[in-house]
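In order, the protein sequence lines correspond to chains A and B.
Mapping the first sequence onto the numbering used here, position 151 (from 1) lands on 151, and the numbers just tick up by one.
Counting the second sequence from 1 gives a position; the numbering used here is that position plus 1000.
Please note that the accuracy of each hint is not assured.
[Stated by the list, open to error] Sample of chain A residues with no beta-carbon within 12 Å of chain B, all distances over it, derived:
#1 GLN249
#2 THR275
#3 ASP289
[What the hints assert, rightly or not] Chain A regions said to be covered by chain B (calculated; three or more residues, Cβ under 8 Å):
#4 93-107
#5 130-136
#6 356-370
[What the hints assert, rightly or not] In silico contact screen, one side only, chain A against chain B (beta carbon under 7 Å); selected entries:
#7 ARG144
#8 ARG374
#9 THR377
Bear in mind the hints are in silico, worked out from the structure with no lab data behind them.
For glycine and all other residues, C-beta sits at the position ideal for the given N, C-alpha and C.
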Amino acid sequence: MDESLLRGLTPGVLAVLVRRGADFAAAEDAVQDALVEAVRVWPAGPPRDPKGWLVTVAWRKFLDRARADTARTRREDLLDREPAPGPVPAVDDTLQLYFLCAHPSLTPSSAVALTLRAVGGLTTRQIARAYLVPEATMAQRISRAKRTLAGVRLDQLGDVATVLRVLYLVFNEGYSGDVDLAAEAVRLTRSLADQAAHPEVAGLLALMLLHHARRATRTAPDGSLVPLAEQDRGRWDTGMIAEGVAILQAALARDRLGEFQAQAAIAALHADAPTAGETDWVQIVEWYDELVNLTGSPVVRLNRAVAVGEADGPRAGLAALAELDDSLPRHTAVAAYLHERDGDLATAARLYAEAARKAPSIAERDHLTRRAARLNTRP
Amino acid sequence: MAKYLLLKHYRGAPAAVNDVPMDRWTPEEISAHMRYMSDFAARLEKTGEFVDGQALAPEGMWVRYDGEGRPPVTDGPFAETKDLIAGWMVIDVDSPERAVELAGELSAAPGAGGKPIHEWLEVRPFLTAAPTVTE
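Isolated chain A, as found in the complex (with noise of 0.2 Å):
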């Protein structure tokens, strides 16, 4: 029995009950009705077209459970207006599940975890794994989203911007456990660029991409970060970068640009260089001024600020920072930067220190407390 053709079955199963006209929570359960019957039976008589074999059978299983239901009448009246168990649509309808996962009725935690289910076919234990908490809490968490969904019928597809903010929630959180769920999030990205041909989605699958090719070189084998400038590029997937930018270069020539598409572009830039001083952060630059333009986002400004830094100098980098709020989260960190590269040691060991102190990850507080370490023991 292969495990990895029913997990990618399963999306598109559950797809055409919900399609069809099936509530969420019910269609999920007759489809897991489902691959426990193909469990059973397949290995004496697989099906010629495992995925109708499915689909039949999960239907069936949801009308059986309709019709068991107390609440009999009002099944049947919906029973009555729904189309019989037809021949399977050629086109993959989980374009659909995509958009249902990411409701904007659910919280950003619920949603990343029922896209994870539903289109990512990962078990309630898997994901509970992968975030580090209790699968009965997780197994609450998806039931909790898909009883918000109950009743939420897709007439027409929602808002993208939410499906690729939830599939790139998923993507930074790495891995831990025994998904890889980076992995997921970019094998989930394809899936979707290759049914809703849209800029961004292309976009944000290009940055995905690109950051994925050179994960092995972020970390040290100790776990301690590698920071971009010192990671060694012989070991980036190539391929992997190639791709991204062709992926990249088709979106950018549909002449809309979005936020993911300027993040990429600026990914590229990076990956594109053979050395780090072969950057080309003139470029890098402007294209932070798009994103600015593009999102406001203060965040945006900082990094904006670090580029600003490496192709104008630190100086105009600190005046860059000057105008930011310096609550805001990494400031210190740009700013302990800014100031080594300024020749200002002393201020950029405080800041670093005090930058480690506020970091959000045990490998960045690492990191910044080597660096301030580095400087304050200097001969």
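Start from chain A and add chain B according to the hints.
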């Protein structure tokens, strides 16, 4: 999502508003207090925000390495000046605001006279292991 530790300080924090030692409450008041906290945990499990929670015994010791071949130094139990952490709960929530909101609710557990004890809770975010992509 981010995880937060809610620490219940029974000593070492500013005095609670309704600051009556638990052994002067009525048994019903103690039961009501315990029930409030277990209901709180059960409710957080339902919302998908509960991670873990434990109560701690009051007998704590400070322990320190005292050199090669020597037993660790301890200050002995029950030092009166010591901070006392009575227990903790770990939650996994969507925002810092939500963490503060929940800590506020936990602090409202009923105490003497059935009134909220207004105990102090320390709210500490966990450092995450995986770095967020920021380059």
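Against the structure, the hints:
no.: 1; hint: GLN249; in the structure: holds, 21 Å
no.: 2; hint: THR275; in the structure: holds, 16 Å
no.: 3; hint: ASP289; in the structure: holds, 18 Å
no.: 4; hint: 93-107; in the structure: violated (count 1)
no.: 5; hint: 130-136; in the structure: holds (count 5)
no.: 6; hint: 356-370; in the structure: holds (count 7)
no.: 7; hint: ARG144; in the structure: holds, 6 Å
no.: 8; hint: ARG374; in the structure: violated, 19 Å
no.: 9; hint: THR377; in the structure: violated, 24 Å
Hints 4, 8 and 9, counting from the list given before, are not met by this structure.
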